[in-house]
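As given, the protein sequences belong to chains A and B, one line each in that order. What the first sequence shows, in the numbering used here, is residues 1 to 121, in sequence order. What the second sequence shows, in the numbering used here, is residues 1001 to 1206, in sequence order.
A portion of the hints provided could be inaccurate.
Said to hold, decoys possible - Beyond 10 Å from chain A on every Cβ pair, some chain B residues (computed):
no.: 1; residue: Leu-1030
no.: 2; residue: Ser-1083
no.: 3; residue: Glu-1122
no.: 4; residue: Ser-1134
To be verified - When the alpha-carbon atoms are kept at most 25 Å apart in a straight line, the in silico SDA-like pairs for lysine to any residue are as follows:
no.: 5; chain 1: B; residue 1: Lys-1099; chain 2: A; residue 2: Leu-37
no.: 6; chain 1: A; residue 1: Lys-118; chain 2: B; residue 2: Leu-1206
no.: 7; chain 1: A; residue 1: Lys-90; chain 2: B; residue 2: Leu-1206
no.: 8; chain 1: A; residue 1: Lys-91; chain 2: B; residue 2: Asn-1136
no.: 9; chain 1: A; residue 1: Lys-118; chain 2: B; residue 2: Asn-1136
no.: 10; chain 1: B; residue 1: Lys-1119; chain 2: B; residue 2: Val-1069
no.: 11; chain 1: A; residue 1: Lys-91; chain 2: A; residue 2: Phe-103
Unchecked claim - Under 7 Å between C-beta atoms, here's a sample of chain A residues computed to sit facing chain B:
no.: 12; residue: Asn-24
no.: 13; residue: Ile-65
no.: 14; residue: Leu-92
no.: 15; residue: Thr-100
no.: 16; residue: Ile-102
Hints were generated in silico from the structure; no laboratory data involved. Ideal placement from N, C-alpha and C gives every residue a C-beta, glycine not left out.
Single-letter residue listing:
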Amino acid sequence: MSEHAAVPDEVPEAHHEAPHDAHNDPEHIKREVRVYLLVFCSLAVLTGATVAARFWFDLPMGYAIAVALTIACIKGFLVAGFFMHLLSEKKLIYSVLALTVIFFAFLVWLPIHDILDKMGK
Amino acid sequence: MTAHADAHHELEIPYNVMPRPDTGVYNAKLGVWLFLASEVMLFGALFSSLILLRTGAPSWPVGKDTLHVLPATVNTFVLILSSVTVVLAWANLRLGNLKKGRIFIGITLLCGLIFMLIKAYEYNLSFEHHHFPSTNNFFAIYFTMTGLHGLHVLGGMIVFTYFLTVGSKMWHKEPQRFTNRIEVVGLYWHFVDLVWIFLFPTLYLL
Chain A
1 MSEHAAVPDE VPEAHHEAPH DAHNDPEHIK REVRVYLLVF CSLAVLTGAT VAARFWFDLP
61 MGYAIAVALT IACIKGFLVA GFFMHLLSEK KLIYSVLALT VIFFAFLVWL PIHDILDKMG
121 K
Chain B
1001 MTAHADAHHE LEIPYNVMPR PDTGVYNAKL GVWLFLASEV MLFGALFSSL ILLRTGAPSW
1061 PVGKDTLHVL PATVNTFVLI LSSVTVVLAW ANLRLGNLKK GRIFIGITLL CGLIFMLIKA
1121 YEYNLSFEHH HFPSTNNFFA IYFTMTGLHG LHVLGGMIVF TYFLTVGSKM WHKEPQRFTN
1181 RIEVVGLYWH FVDLVWIFLF PTLYLL
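Pulled out of the complex, with its shape left as it was, chain A reads as follows (with noise of 0.2 Å):
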């Protein structure tokens, strides 16, 4: 018999010494498999409306890009906060992602300040 055979597909005894103990109560996981569920159910309806509000309500194009961006951005915040839990992540984490979202900001101004300077001429 291999090393391995002996080792059922269910859990090693060592996998409850993990560490967040607490984040692997099984009550826990439960409860966020619920949640897991109800934003993906929530994605799937917030992009049937992002579609249907482009092809439904004949929107001048500048309130079509907002609420197309609007609903992308709340999509972005269900993706990122539950499924990527940057709701509850690490003091580190966070600043890491602040460093990048003020370099994603330069760059997404770089282009809006050469409109402005141009309607400006």
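Position chain B relative to chain A; hints supplied.
Frame of chain A; chain B shown alone:
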């Protein structure tokens, strides 16, 4: 302790399972977040280019009239589904159920495959209409952004294939480390989903 055991102990990479006291997270998690930060800048540069090209052009095609919205909408649902299956895989591994964990990893992989097949179909439709990256700036940025995103999906699929096959052997010796690995690849996969959430309306609908 034997010399061999000593050598093994010295080679052991620390903080694969336990969080590092100074960072509060295990090393791979910090590593993947730093990688994702660099990925934000990569796609951020492309979104910045899109804004610049679009606002600088005298006329710009409307995505919903130019591209194929239906396959892209289906792909959005497929990626959302794959995002939830990867967290379900992680949750089941935390519950100690490798079998269910592997099933959900398999479904995630299948979703990735469906996404790529639909993307190939969509590209084929564009080519049939003689729309190529060289056609104009709109198609140049469309093929660049969706192509790069597709490569990221492919990369994720390769990693999931590894964890579904030979990589899952780690479960028998280090289950928590394997669970952490699925969390880390899951973070990458959610990022790929996140990019698509913004690509879909900006390219296909507006």
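Next item in the hint list is A:Ile-65. Is there a CB on chain B closer than 7 Å to its CB?
It holds, given that the least Cβ distance between A:Ile-65 and chain B is near 6 Å, below 7 Å.
So B:Ser-1134 supposedly isn't at the interface. Is its beta-carbon more than 10 Å from every beta-carbon in chain A?
holds, 23 Å
Within a Cα-Cα threshold of 25 Å, do A:Lys-90 and B:Leu-1206 meet the stated pairing?
Measuring from Cα to Cα gives roughly 37 Å; hence the hint is violated.
A:Lys-118 and B:Leu-1206 were given as a pair; does the straight-line alpha-carbon distance stay at or below 25 Å?
Between A:Lys-118 and B:Leu-1206 the Cα gap is close to 23 Å, so the pair holds against 25 Å.
Check the non-interface label on B:Glu-1122: least C-beta distance to chain A beyond 10 Å or not.
Given a closest Cβ separation of 15 Å, the condition holds.
B:Leu-1030 clear of chain A by more than 10 Å, beta carbon to beta carbon?
violated, 7 Å
A:Lys-91 and A:Phe-103 were given as a pair; does the straight-line alpha-carbon distance stay at or below 25 Å?
Judged against 25 Å, a Cα distance of about 19 Å means the pair holds.
Hint validation: A:Leu-92 versus chain B, beta carbon distance must be below 7 Å. Holds or violated?
holds, 5 Å
Going straight from one Cα to the other, do B:Lys-1099 and A:Leu-37 come out at no more than 25 Å?
holds, 20 Å
Agreement of hint A:Thr-100 with chain B interface, Cβ distance less than 7 Å:
Since the shortest Cβ distance to chain B is 4 Å, the answer is holds.
Could you grab the alpha-carbon distance between B:Lys-1119 and B:Val-1069 and see if it respects the 25 Å cut-off?
holds, 11 Å
Go through the hint on A:Ile-102 and say holds or violated, using the shortest Cβ distance to chain B against 7 Å.
Result: violated, 11 Å to nearest chain B Cβ.
Checked against the numbered hints given earlier, this structure breaks hints 1, 2, 7, 8 and 16; the rest are met.
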